[in-house]
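*Asks:* Listed below are the residues making up each chain.
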Amino acid sequence: NAGVTQTPKFQVLKTGQSMTLQCAQDMNHNSMYWYRQDPGMGLRLIYYSASEGTTDKGEVPNGYNVSRLNKREFSLRLESAAPSQTSVYFCASTWDREGYTFGSGTRLTVV
Amino acid sequence: SQQGEEDPQALSIQEGENATMNCSYKTSINNLQWYRQNSGRGLVHLILIRSNEREKHSGRLRVTLDTSKKSSSLLITASRAADTASYFCATERANSKLTFGKGITLSVRP
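Protein sequences, first through last, are from chains A and B. Residue numbers are given in the working numbering: position 101 of the first sequence equals residue 106, and the series is strictly consecutive. Residue numbers are given in the working numbering: position 71 of the second sequence equals residue 90, and the series is strictly consecutive.
Just so you know, these hints were derived from the structure itself, not from any lab. Any given hint could turn out to be false.
[Claimed, not checked] Examples of chain B residues toward chain A, derived with CB under 8 Å:
#1 Asn50
#2 Arg60
#3 Leu62
#4 His64
#5 Ala100
#6 Gly122
Note that CB positions come from ideal geometry on N, CA and C, so glycine has one too.
Using the sequences plus the hints, can you model the full thing?
*Replies:* Below, the structure written as structure tokens:
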């Protein structure tokens with residue numbers, strides 16, 4: 006089925022470890038986004054890529070880096086994980102910004 | 020900070036009743052969107068209303084937008100137990116960022 010695929014679905018990291026969250030979409034969408042969702046905070050934008058080759062910071066970019074590898078793939082990297090980065094991470098994409106398609110999320114725990 | 024704020028934070032109704040959820044925002048927008056999230060799942064796009072529109076319908080959903088009051092409402096008619104979920108409003112501004120509120124938890128009792 007067409008959509009947004011995120012891997013992994015679950016991950017436990019130790020403080021200071023690094024990891025990359027992968028996101029791929031097969032809908033030929035131009036724009037891709039990374040959000041984090043915390044209890045009581047709703048979704049907050051970490052980084053986004055309006056088109057292939059461009060990336061921009063969102064509301065909470067500190068501690069993260071992103072790569073728009075090609076039109077399909079947009080990865081999120083944590084260089085040195087901290088407990089404050091424990092969250093559920095969602096990738097989303099859109100063609101024309103009129104309706105976003107979300108992945109099923111990555112539940113990350115940093116201990 | 021969140022652009023949109025939903026009200027109420029939680030809503031519990033009986034199956035068959037209508038559910039009304041409200042969203043207020045602070046700055047000018049291009050469009051406002053509503054999403055649903057079932058427990059443990061990703062968000063699903065429900066409906067979008069543009070800044071030059073006042074009302075839109077999709078099945079049992081009706082959304083209104085009042086740009087003078089910077090507010091929107093989502094009405095779900097004849098609710099079903101399957102409508103139990105969290106609902107988020109999101110506003111899109113000219114700089115391409117979709118900003119979400121904190122969400123409303125809707126419980127529909129059978």
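*Asks:* Take the hints in turn and mark each one as holding or not.
*Replies:* Hint check results:
no.: 1; hint: Asn50; verdict: holds (7 Å)
no.: 2; hint: Arg60; verdict: holds (6 Å)
no.: 3; hint: Leu62; verdict: holds (4 Å)
no.: 4; hint: His64; verdict: holds (4 Å)
no.: 5; hint: Ala100; verdict: violated (22 Å)
no.: 6; hint: Gly122; verdict: holds (6 Å)
Violated hint for the displayed structure: number 5, the only one.
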